[in-house]
Amino acid sequence: MARPKVQELFEEPACATNRAKSDKDRKKGCGKALTPGAAAGGCCFDGAKITLQPIVDAVHLVHGPIACEGNSWDSRNSWSTGSDLYRRGFTTDLSNLDIINGGEKKLYKAIRAAIETHKPPAVFVYQTCVGALIGDDVAAVCKAATERMGVPVIPVEAPGFVGSKSLGARLGGEALLDHVIGTVEPDDVGPTDINILAEYNVNGELDQIRPLLKRLGIRLRTAITGDARYADIAACHTARVNMVVCSQALVTLARKMKDRWGIPYFEGSFYGISDTSEALRTIARLLVERGAEPTLIDRTEALVAEEEAKAWAAIAPFKERLAGKRVLLYTGGVKSWSVISALQEVGMEFVGTSVRKSTAEDKRKIMDLTGKGEVMIDQLPPREMYRMLREGEADLLMSGGRTQFVALKARTPWVEINQERHHGYSGYEGMVTLVRQVDLTLSNPIWAQVRKPAPWENS
Amino acid sequence: MARVVASAKPLSTSPLKLSAPLGAAMAFMGMDGSMPLFHGSQGCTAFALVMLVRHFREAIPLQTTAMNEVSTILGGMENVEEALLNIAKRAKPKVIGLISTALTATRGEDVGGDLKLILARHKELADTKVVYVSAPDFEGSLEMGWGKACAALVKALAEPIHGREPSPKVNLLPGVHLTPGDIEHLKELVEAFGLEPVVLPDLSGSLDGHVPDAYVPTTLGGTTVEQARSMGDARLTVAIGEHMRITAEALHAKTGVPYVVFDRLTGLEPVDRLMVCLSTVAGKPVPAKLKRARSQLVDAMLDGHFFFGGRSFAVAGEPDFLWTTAKLIGDMGGQLAAAVTTTAAPFLADLPCDRVEIGDFEDLEDQMLEAGGVDLVIANANARQLCQRHGTPLFRAGFPIFDRLGAAHQVTVGYRGTRDLIFQLGNILMEHAGHEPAMTLAPPVPLSEQSHGTAAQAG
Numbered sequence: 005m006a007r008p009k010v011q012e013l014f015e016e017p018a019c020a021t022n023r024a025k026s027d028k029d030r031k032k033g034c035g036k037a038l039t040p041g042a043a044a045g046g047c048c049f050d051g052a053k054i055t056l057q058p059i060v061d062a063v064h065l066v067h068g069p070i071a072c073e074g075n076s077w078d079s080r081n082s083w084s085t086g087s088d089l090y091r092r093g094f095t096t097d098l099s100n101l102d103i104i105n106g107g108e109k110k111l112y113k114a115i116r117a118a119i120e121t122h123k124p125p126a127v128f129v130y131q132t133c134v135g136a137l138i139g140d141d142v143a144a145v146c147k148a149a150t151e152r153m154g155v156p157v158i159p160v161e162a163p164g165f166v167g168s169k170s171l172g173a174r175l176g177g178e179a180l181l182d183h184v185i186g187t188v189e190p191d192d193v194g195p196t197d198i199n200i201l202a203e204y205n206v207n208g209e210l211d212q213i214r215p216l217l218k219r220l221g222i223r224l225r226t227a228i229t230g231d232a233r234y235a236d237i238a239a240c241h242t243a244r245v246n247m248v249v250c251s252q253a254l255v256t257l258a259r260k261m262k263d264r265w266g267i268p269y270f271e272g273s274f275y276g277i278s279d280t281s282e283a284l285r286t287i288a289r290l291l292v293e294r295g296a297e298p299t300l301i302d303r304t305e306a307l308v309a310e311e312e313a314k315a316w317a318a319i320a321p322f323k324e325r326l327a328g329k330r331v332l333l334y335t336g337g338v339k340s341w342s343v344i345s346a347l348q349e350v351g352m353e354f355v356g357t358s359v360r361k362s363t364a365e366d367k368r369k370i371m372d373l374t375g376k377g378e379v380m381i382d383q384l385p386p387r388e389m390y391r392m393l394r395e396g397e398a399d400l401l402m403s404g405g406r407t408q409f410v411a412l413k414a415r416t417p418w419v420e421i422n423q424e425r426h427h428g429y430s431g432y433e434g435m436v437t438l439v440r441q442v443d444l445t446l447s448n449p450i451w452a453q454v455r456k457p458a459p460w461e462n463s
Numbered sequence: 026m027a028r029v030v031a032s033a034k035p036l037s038t039s040p041l042k043l044s045a046p047l048g049a050a051m052a053f054m055g056m057d058g059s060m061p062l063f064h065g066s067q068g069c070t071a072f073a074l075v076m077l078v079r080h081f082r083e084a085i086p087l088q089t090t091a092m093n094e095v096s097t098i099l100g101g102m103e104n105v106e107e108a109l110l111n112i113a114k115r116a117k118p119k120v121i122g123l124i125s126t127a128l129t130a131t132r133g134e135d136v137g138g139d140l141k142l143i144l145a146r147h148k149e150l151a152d153t154k155v156v157y158v159s160a161p162d163f164e165g166s167l168e169m170g171w172g173k174a175c176a177a178l179v180k181a182l183a184e185p186i187h188g189r190e191p192s193p194k195v196n197l198l199p200g201v202h203l204t205p206g207d208i209e210h211l212k213e214l215v216e217a218f219g220l221e222p223v224v225l226p227d228l229s230g231s232l233d234g235h236v237p238d239a240y241v242p243t244t245l246g247g248t249t250v251e252q253a254r255s256m257g258d259a260r261l262t263v264a265i266g267e268h269m270r271i272t273a274e275a276l277h278a279k280t281g282v283p284y285v286v287f288d289r290l291t292g293l294e295p296v297d298r299l300m301v302c303l304s305t306v307a308g309k310p311v312p313a314k315l316k317r318a319r320s321q322l323v324d325a326m327l328d329g330h331f332f333f334g335g336r337s338f339a340v341a342g343e344p345d346f347l348w349t350t351a352k353l354i355g356d357m358g359g360q361l362a363a364a365v366t367t368t369a370a371p372f373l374a375d376l377p378c379d380r381v382e383i384g385d386f387e388d389l390e391d392q393m394l395e396a397g398g399v400d401l402v403i404a405n406a407n408a409r410q411l412c413q414r415h416g417t418p419l420f421r422a423g424f425p426i427f428d429r430l431g432a433a434h435q436v437t438v439g440y441r442g443t444r445d446l447i448f449q450l451g452n453i454l455m456e457h458a459g460h461e462p463a464m465t466l467a468p469p470v471p472l473s474e475q476s477h478g479t480a481a482q483a484g
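Line by line, the protein sequences are chains A and B.
Last residue of the first sequence? That's 463 in our numbering, and every number before it is there in order.
Last residue of the second sequence? That's 484 in our numbering, and every number before it is there in order.
Treat the hints with caution; some may be incorrect.
No farther apart than 25 angstroms at their CA atoms in a straight line, the calculated lysine-lysine pairs in the DSS-like style are these [what the hints assert, rightly or not]: (1) A/K123 <-> A/K113; (2) A/K9 <-> A/K218; (3) B/K309 <-> B/K352; (4) A/K413 <-> A/K456; (5) B/K141 <-> B/K279; (6) A/K329 <-> A/K456; (7) A/K113 <-> B/K34; (8) B/K154 <-> A/K109; (9) A/K413 <-> A/K376; (10) B/K117 <-> A/K413; (11) B/K34 <-> B/K119; (12) B/K148 <-> B/K117; (13) B/K114 <-> A/K123; (14) B/K34 <-> A/K147; (15) B/K279 <-> A/K413; (16) B/K212 <-> B/K141; (17) A/K218 <-> A/K329; (18) B/K114 <-> A/K413; (19) A/K262 <-> A/K9; (20) B/K141 <-> B/K119; (21) B/K114 <-> B/K148.
Calculated from the model, a selection of chain A residues having no Cβ within reach of chain B, i.e. all distances over 12 angstroms [as the list claims (entries may be wrong)]: (22) D97; (23) G167; (24) K169; (25) G266.
Derived CB-CB ranges, DEER-like [unchecked claim]: (26) B/M26 <-> A/A235: 43 to 53 angstroms; (27) B/E456 <-> A/D211: 49 to 59 angstroms; (28) B/D324 <-> A/W451: 54 to 64 angstroms; (29) B/A33 <-> A/W265: 44 to 54 angstroms; (30) A/R264 <-> B/A151: 35 to 45 angstroms.
Quick caveat, the hints were computed from the structure, so don't treat them as lab data.
The beta-carbon is built from N, C-alpha and C at its ideal position, and this holds for glycine as well.
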């Protein structure tokens with residue numbers, strides 16, 4: 005079912021990792037074989053849901069048993085400035101009778117109930133392992149529902165057992181391409197419209213970017229998907245430029261949008277001060293190449309100069325407090341080197357940084373920044389991480405939620421930097437927030453208290 | 026008397042139900058040196074793991090057999106085998122809880138049979154107790170999964186003593202609706218009578234938020250295998266919650282230890298029953314400090330009843346949670362205006378309300394609207410959206426509570442726990458003077474008559 009699509013995604017020519025592989029390796033695909041009993045991370049369905057759920061005015065309906073939605077709804081930190089329909093959990097909650105009799109009729113009725121109650125512009129239906137295993141034809145049900153109810157009902161065929169979260173994100177992108185993008189011709193197309201792909205508006209990070217774009221007269225048609233409206237996604241093929249911020253997830257979508265509608269794309273990042281400037285410059289250049297007002301380039305340079313100066317000035321006071329502090333950086337999500345460059349600016353040192361998901365180019369940048377290869381770590385088992393922190397080899401761990409308690413139980417300061425984080429770290433403002441957050445954590449008075457042994461343990 | 030009705034709708038909106046495997050995994054968290062293992066795709070584990078981490082704010086050991094498309098078609102025995110071997114090698118657990126999910130149960134795998142073959146051919150698994158539980162997502166909910174896992178643990182581990190007098194021990198079988206704090210308090214109550222409590226599963230040892238001195242990949246603390254084995258050497262088994270009945274029965278069948286199932290241990294009358302029970306088993310009078318605690322609860326009821334009388338409540342949760350909470354509200358003179366649960370439980374027919382619906386938060390919202398609004402909602406954190414919409418205060422209880430600190434330390438059992446719960450609820454009711462229900466002019470309906478439909482007449 006999903007096989008040909010998955011194979012195609014594995015062979016993505018626009019993927020940097022893929023370009024470095026031999027033909028034979030490329031065919032094997034990029035989903036690392038999972039080791040039973042030693043695996044971590046979400047499934048394909050999880051990835052597809054993360055990618056599409058920030059379409060905030062749509063109903064996101066999960067066709068499966070209770071675990072898939074019941075155990076996960078209202079847990080993702082993607083913000084909306086409008087509808088909050090996307091925050092409700094919708095599921096067919098398949099029971100044993102449904103599994104015996106088939107769940108297609110129940111799904112159809114569920115779609116109808118969702119449309120009648122909530123009148124959404126669209127319904128996304130997510131296939132899961134059990135729905136796929138009992139042979140429910142989600143695509144056919146969606147097609148019938150679309151025809152009879154007059155509301156787009158989009159099948160997302162990414163059941164959990166197909167692969168990793170990252171593959172699911174890409175399958176989510178495929179669903180948009182197959183069923184949504186290009187289905188609406190907007191009447192307000194402008195010469196400076198852009199899309200940002202794989203930006204999920206975690207903690208409202210878009211609000212650290214949108215004001216910059218607005219000052220340049222650039223309109224964000226939509227983030228795919230963050231704080232997104234269905235109608236904007238449907239019309240986003242009219243944008244002049246696509247920026248991809250997390251290449252693993254949606255580069256295929258960007259390439260196909262280029263093939264189909266001639267939209268040039270680039271991979272960039274809004275994490276880090278120089279990265280943000282670079283991204284803005286590239287957007288301006290590509291827009292001008294596609295007919296936007298040439299003064300945009302000079303205006304961008306002016307904005308970049310002003311914002312960089314402001315950001316560095318805001319960070320400078322932290323130098324005295326943070327210089328010499330040692331950081332262990334363990335992340336897959338945020339580009340490691342952009343965090344490194346910001347924290348080096350205030351004099352912090354790196355005792356280690358993970359390069360699990362980094363490309364060769366990322367690794368070269370880390371080399372340039374730190375001047376030493378030994379800080380690069382591929383895998384750091386939790387036991388070893390605990391030892392490093394307990395023995396004081398680092399003053400701070402920056403990582404995702406998964407390793408939070410390794411740091412805290414070792415009584416070591418910890419700053420969260422993955423997608424579940426509670427502060428927005430993007431744009432110029434975001435890097436200042438990050439440095440401030442590091443300072444707040446390191447200077448908290450609890451550390452001295454919790455490390456001190458109980459009085460009766462003094463020998 | 027209440028009618029227990031199943032919501033017949035095809036679409037579950039804002040689910041209340043949680044998956045049974047999640048409940049089973051939580052039970053294994055209460056075993057010392059334990060590692061639960063979901064036999065399913067990696068997403069099943071990831072969702073459950075994230076939810077447990079958010080609630081307990083602790084590292085959670087939970088692994089997956091990482092089923093993929095191929096093993097889903099050909100069978101998952103090899104995945105189970107590989108997972109068990111990997112976990113035994115890396116984490117060296119004393120107990121592995123092997124839990125089937127909807128994916129493998131839909132396939133119809135004979136996991137029990139497979140497990141026998143695997144254990145027979147791997148000597149390296151001899152030191153690990155592998156306990157298998159079938160708790161597919163499509164049947165039952167959190168409490169059912171927990172209950173099934175506890176019964177499986179007792180069947181696998183407990184041993185009878187032959188011919189000699191049992192020790193002054195009491196087995197405690199707490200339901201999943203009790204927190205680590207509750208369990209800790211129950212142990213103190215049992216000890217106060219000079220009896221030794223043996224708890225299965227004992228979350229108060231493992232998920233009570235302690236800071237260990239070394240990194241441990243499994244649970245640290247909880248019921249040891251030796252303790253579970255010794256459960257035959259007890260004078261009495263006390264099970265708390267109807268969903269623990271199957272475990273008490275299984276323990277009785279295996280060891281002959283008599284048992285008593287308490288429907289709840291929150292409220293004056295049920296705690297009195299517990300005191301009489303323990304006093305009889307110990308052959309000792311109720312200790313003075315517990316008599317004083319009883320007196321404090323009586324005083325709390327006297328002080329608190331002003332704020333409960335005539336106020337209306339909406340409660341949603343698993344059957345035993347709903348029963349415990351709703352009965353206390355009734356004890357204090359409050360009215361149960363809306364009640365929703367997750368699975369069919371006949372005993373809920375004795376609740377003092379018109380109907381109990383098996384449904385979701387949308388059903389709770391509908392019932393609240395029918396009642397003309399309520400003064401307080403008691404449910405897990407997923408009720409926050411609906412409470413925000415209606416401006417109704419929410420008292421977070423049950424599982425999961427992901428947006429508050431200290432969920433594991435809430436104590437609501439015993440005289441002291443009931444006293445504190447009355448204070449907490451009373452304070453909210455005092456602060457929120459309350460909505461004006463449509464039927465304010467009608468006299469309050471006595472509890473004994475509510476079940477006959479007089480509430481409807483009053484409007």
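Problem - Structure versus earlier hints, numbers of those that do not hold, lowest first - result: Checked against the structure, the hints that fail are numbers 2, 3, 8, 9, 11, 13, 15, 16, 17, 22, 23, 24, 27, 28 and 30, while the rest are satisfied.
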